[in-house]
Structures are given as C-alpha cells and as structure tokens.
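Chemist: Listed here are the chains, written in short residue letters.
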Amino acid sequence: GAVVSQHPSRVICKSGTSVKIECRSLDFQATTMFWYRQFPKQSLMLMATSNEGSKATYEQGVEKDKFLINHASLTLSTLTVTSAHPEDSSFYICSASVRNTEAFFGQGTRLTVV
Amino acid sequence: GENVEQHPSTLSVQEGDSAVIKCTYSDSASNYFPWYKQELGKRPQLIIDIRSNVGEKKDQRIAVTLNKTAKHFSLHITETQPEDSAVYFCAASRGGGGNKLTFGTGTQLKVEL
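Line by line, the protein sequences are chains A and B.
Counting from 1, position 62 in the first sequence corresponds to residue 68 in the working numbering; the numbering is continuous, with no gaps.
Counting from 1, position 106 in the second sequence corresponds to residue 156 in the working numbering; the numbering is continuous, with no gaps.
If you are wondering where the hints come from, they were derived from the structure by calculation, not from laboratory data.
Any given hint could be a false lead.
To be verified - Straight-line C-alpha distance at most 25 Å; calculated SDA-like pairs for lysine to any residue:
id: 1; chain 1: B; residue 1: LYS87; chain 2: A; residue 2: ARG16
id: 2; chain 1: B; residue 1: LYS92; chain 2: A; residue 2: THR107
id: 3; chain 1: B; residue 1: LYS92; chain 2: A; residue 2: ASP94
id: 4; chain 1: A; residue 1: LYS26; chain 2: B; residue 2: GLN110
id: 5; chain 1: A; residue 1: LYS47; chain 2: B; residue 2: SER62
id: 6; chain 1: A; residue 1: LYS70; chain 2: B; residue 2: GLY51
id: 7; chain 1: A; residue 1: LYS47; chain 2: B; residue 2: SER76
id: 8; chain 1: B; residue 1: LYS160; chain 2: A; residue 2: GLN44
id: 9; chain 1: A; residue 1: LYS47; chain 2: B; residue 2: GLN131
id: 10; chain 1: B; residue 1: LYS160; chain 2: B; residue 2: HIS126
id: 11; chain 1: B; residue 1: LYS107; chain 2: A; residue 2: ASN106
Said to hold, decoys possible - Coverage of chain A stretches by chain B, computed from C-beta distances (three or more under 8 Å per stretch; other residues unrestricted):
id: 12; region: 49–58
id: 13; region: 81–94
Since the structure is predicted, the reported quantities are computational estimates derived from the model, not experimental observations.
Think of the CB as a built atom: it goes at the ideal place given N, C-alpha and C, for glycine as much as any other residue.
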C-alpha cells in the first residue's frame, strides 16, 4: 500500500515555543491531507483538511492561528503548533489517500509540552 | 455534521469466542465505513472497510455488515486470538477514504486466554 511518513515521532518542547510536524506521502501525490489529534484513551478528532496550494480548512473549535498548516507541495504538509502549552500535549496523526481509496496514516507524533 | 456512536467501549472475550462491535452514524450521505485497529502509541491500521452499495463484506475471521436504512454497521471477529487485543475504531465518510473521516469513540477489546 501507499506510505505516509510523519516526523518527528516524538517531541518534547517547552511551554511557549513552537513545534513543526511534517507529513509526507512517499510514493504518491496527495492533493489533500488530513490532520487529526488524539488525546489519551480517546478517539481521533479531525483538526483540519490540508489542501495543496490553498488555505487549510479547519474544523469548528480549532484555532487556525495556533495550528498553522502549510501544504506547499503534493507530497508534504506541515502542522506547526505555535506557542504550545501543556494542554496541547497529544498524539497528532496525518492521513492521505490515493485516488479516494483507503486512508493511509502517518505513524503519528507524540507531542509533550512541559 | 456527521456523528458516529460506537458500543461497547470495552469488550472482554475468551480466546476462540466471537466479538461484535456496533456503530451508528447520523449522516445519510456517508457512504464509506472503515474499521481500524490501533495498538497503543501506533497509527490506526485498516482492517476492513465497506461501501454503501454493499451489505456485507468478509475477510477471513473479520466481517462487517451495513444497514443503510437503520444507519448502523457492525464489526464481527470470529475465533478471537490474544493478538486481536487492541482498540478498534469505526469511522464514516462521504465519498471514500480520500475524504475526512468521523471516528467512533473506540472499543477496547481484550481477548483472554
């Protein structure tokens, strides 16, 4: 199947700093990628839809100025958590699809803000 | 928007027994229903999916059924094994896996020896 790679897998940052997470489609082009967040023992919640060459579409309640998404190429989307706080600590996962078949997920990024 | 409910939240079965997890959805336009298995700290893994033009799909020990009229779908795992222990999520979307997924709340399945 298609491969989606996410980096870093784990990151610890200090409160108030920014963290960038990369999501790459390794063997296919993805005009659309999705960013999800998963708190411990909870479900995956969609944060935003990342569209190549245009602005991301954010779900209700997600602050677009805090979670900056850039989809500058057909194989790369980045999520930047700005001014991170402990409540932003979570598991962030991206996904992409090949020709609208199944969704392929990145391996996820465990963010811990101290 | 879409709302997906999933039951039960935890399920404990004996090895060799069957396990059934049920989901309901609210958006009648949803037409793609995948099931994922997620182990702790790992990415969700697709185990089976079904589209709205099909009522049932089976893959070895795993089957999914869909009732469009009632807006519910179920995952059936037969002959459970300890390695089936994980969290299972159902999801729904319009238009297939290339569209945004709305996930259920998850079921912690434990298969006991």
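Chemist: Now tell me, hint by hint, if it's right for this structure.
Modeler: Comparing the hints with the structure gives:
no. : hint                    : result
1   : LYS87(B) <-> ARG16(A)   : 21 Å, holds
2   : LYS92(B) <-> THR107(A)  : 21 Å, holds
3   : LYS92(B) <-> ASP94(A)   : 19 Å, holds
4   : LYS26(A) <-> GLN110(B)  : 41 Å, violated
5   : LYS47(A) <-> SER62(B)   : 17 Å, holds
6   : LYS70(A) <-> GLY51(B)   : 19 Å, holds
7   : LYS47(A) <-> SER76(B)   : 23 Å, holds
8   : LYS160(B) <-> GLN44(A)  : 21 Å, holds
9   : LYS47(A) <-> GLN131(B)  : 22 Å, holds
10  : LYS160(B) <-> HIS126(B) : 14 Å, holds
11  : LYS107(B) <-> ASN106(A) : 19 Å, holds
12  : 49–58                   : holds (count 5)
13  : 81–94                   : violated (count 0)
When each numbered hint is compared with the structure, violations occur for hints 4 and 13.
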